[in-house]
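Participant: Here is how the chains run, residue by residue.
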Amino acid sequence: MSLIEFSQVLYDSEFGTALRESVYAFPIVEGLHLISLAFSVGLILFVDLRLTGLFLRNVPVADILKPLRPWLLTGFVVTISTGIALFIAEASKVIVISVFPLKILFILLAGINAIWFEHKWGRNSAEWGNLAAIPKGVKFAGLASITLWSGVVITGRLIPYFGYQ
Amino acid sequence: MSTLELFHSIQTSHLSSVLGEQNHLFGAVAELFHIAGLILVLSSILLVSLRLLGLGLRAHTVPQIFKATSRFFWIGLAFLVVSGLFLFIPAADQYYPNSIFWYKFVLLAAALLVHLTLYQWVAKLQSPKPAVAKLTGLIALSLWFSVAFSGRFIGFF
Chain A
682 MSLIEFSQVL YDSEFGTALR ESVYAFPIVE GLHLISLAFS VGLILFVDLR
732 LTGLFLRNVP VADILKPLRP WLLTGFVVTI STGIALFIAE ASKVIVISVF
782 PLKILFILLA GINAIWFEHK WGRNSAEWGN LAAIPKGVKF AGLASITLWS
832 GVVITGRLIP YFGYQ
Chain B
51 MSTLELFHSI QTSHLSSVLG EQNHLFGAVA ELFHIAGLIL VLSSILLVSL
101 RLLGLGLRAH TVPQIFKATS RFFWIGLAFL VVSGLFLFIP AADQYYPNSI
151 FWYKFVLLAA ALLVHLTLYQ WVAKLQSPKP AVAKLTGLIA LSLWFSVAFS
201 GRFIGFF
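Residue numbers (the working numbering), protein chains in the order written: chain A, 682 to 846; chain B, 51 to 207.
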């Protein structure tokens, strides 16, 4: 089964059809997808701003990273699950829009960057997080994260503009 | 002048026709600034409100977090207002009959009012009463997130 055929199966599924045709559920899921961004991308942005030295630079990184982790991870659970639901409802229409695969690519790259950061730096942030100079690799991960998540939001917001030309 | 007439004169203004004649990517860029501003405003409010509720960045005081996020809040709000005007002015007549549009702006007025009074006052106190802090956090959080949520609804109704 090709990707296009698979997207048609999702689109025609009971769940996809019900969500797409509902008066309130669809806008509610869209609304949750949007405001959960403040928890997911928004909180990760503030962590990245700390890593690049633009937010609370006198505060140990661990003091920001650790307490925000559960909130931003919960945010990502909501953003991603509402995103999957919205995708199922619009699958065959959205899959042919050129910016959509680009958005997925940005999500994958941002995810890989986050996992790499957690693996290399995140778990022992108490060791380097108090230093006056932030390690180069950490700064790079922070900048990459800001850039990639911005790419996700930008390409996501542009989907309707590339879909109805 | 009634509000209807005001909206209609905005719609028929010179600025409106200049904005309306722009390529559709102009609207797309305005939407991008609108969502960037939304993320900055909501997550700044979220960081301070979580702390007011005794959650999130607990290693620091409320005034520290309020001060550190304040810059991002105001930059975000500036993005929202300017891009919002660019989206509104060319389409004022379409927004007038939309009831969700009016709910959004009532909520925004309430959010701004609370922000400039209760919120600013409590967020600057070194040790606010826990009940007052919690209530303020809860009100700010619900108002700002409701503004964003209702904003997303405008296009559907």
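These are computed hints drawn from the structure, not numbers from a lab.
If you're wondering where the values come from, they're calculated on a predicted model, not measured in any experiment.
Accuracy of the hints is not assured; some may be wrong.
[To be verified] The following residues of chain B were derived to be distant from chain A, with all beta-carbon distances above 10 angstroms:
| id | residue |
| --- | --- |
| 1 | S66 |
| 2 | G70 |
| 3 | E71 |
| 4 | A86 |
| 5 | G106 |
| 6 | W124 |
| 7 | G134 |
| 8 | Y146 |
| 9 | A160 |
| 10 | A198 |
| 11 | R202 |
[Claimed, not checked] Derived DEER-like restraints, expressed as beta-carbon distance ranges:
| id | chain 1 | residue 1 | chain 2 | residue 2 | range |
| --- | --- | --- | --- | --- | --- |
| 12 | A | R804 | B | K184 | 42 to 48 angstroms |
| 13 | B | A109 | A | I785 | 33 to 39 angstroms |
| 14 | A | E808 | B | L163 | 44 to 50 angstroms |
| 15 | A | K801 | B | P147 | 54 to 60 angstroms |
| 16 | A | K817 | B | A109 | 24 to 30 angstroms |
| 17 | A | L824 | B | H58 | 32 to 38 angstroms |
| 18 | A | K817 | B | Q114 | 24 to 30 angstroms |
| 19 | A | I793 | B | Y146 | 45 to 51 angstroms |
| 20 | A | L735 | B | L168 | 27 to 33 angstroms |
| 21 | B | M51 | A | L824 | 46 to 52 angstroms |
| 22 | B | L103 | A | I761 | 21 to 27 angstroms |
[To be verified] Below, simulated SDA-like cross-link-like pairs (lysine to any residue); rule was C-alpha separation at most 25 angstroms, straight line:
| id | chain 1 | residue 1 | chain 2 | residue 2 |
| --- | --- | --- | --- | --- |
| 23 | B | K174 | A | D744 |
| 24 | B | K184 | A | E695 |
| 25 | B | K117 | A | L790 |
| 26 | A | K747 | B | Q176 |
| 27 | A | K820 | A | V740 |
| 28 | A | K747 | B | L188 |
| 29 | A | K747 | B | T167 |
| 30 | A | K801 | A | K774 |
| 31 | A | K747 | B | A109 |
| 32 | A | K747 | B | M51 |
| 33 | A | K801 | A | I776 |
| 34 | B | K184 | B | R108 |
| 35 | B | K117 | A | K801 |
| 36 | B | K117 | A | N739 |
| 37 | B | K174 | A | R738 |
| 38 | A | K747 | B | T111 |
| 39 | B | K184 | A | T755 |
| 40 | B | K117 | A | K774 |
Cβ atoms here follow ideal geometry from the backbone N, Cα and C, with glycine treated the same way.
Participant: Output the numbers, in ascending order, of every earlier hint that fails for this structure.
Facilitator: 4, 5, 10, 11, 12, 17, 24, 25, 29, 30, 32, 33, 35 and 40
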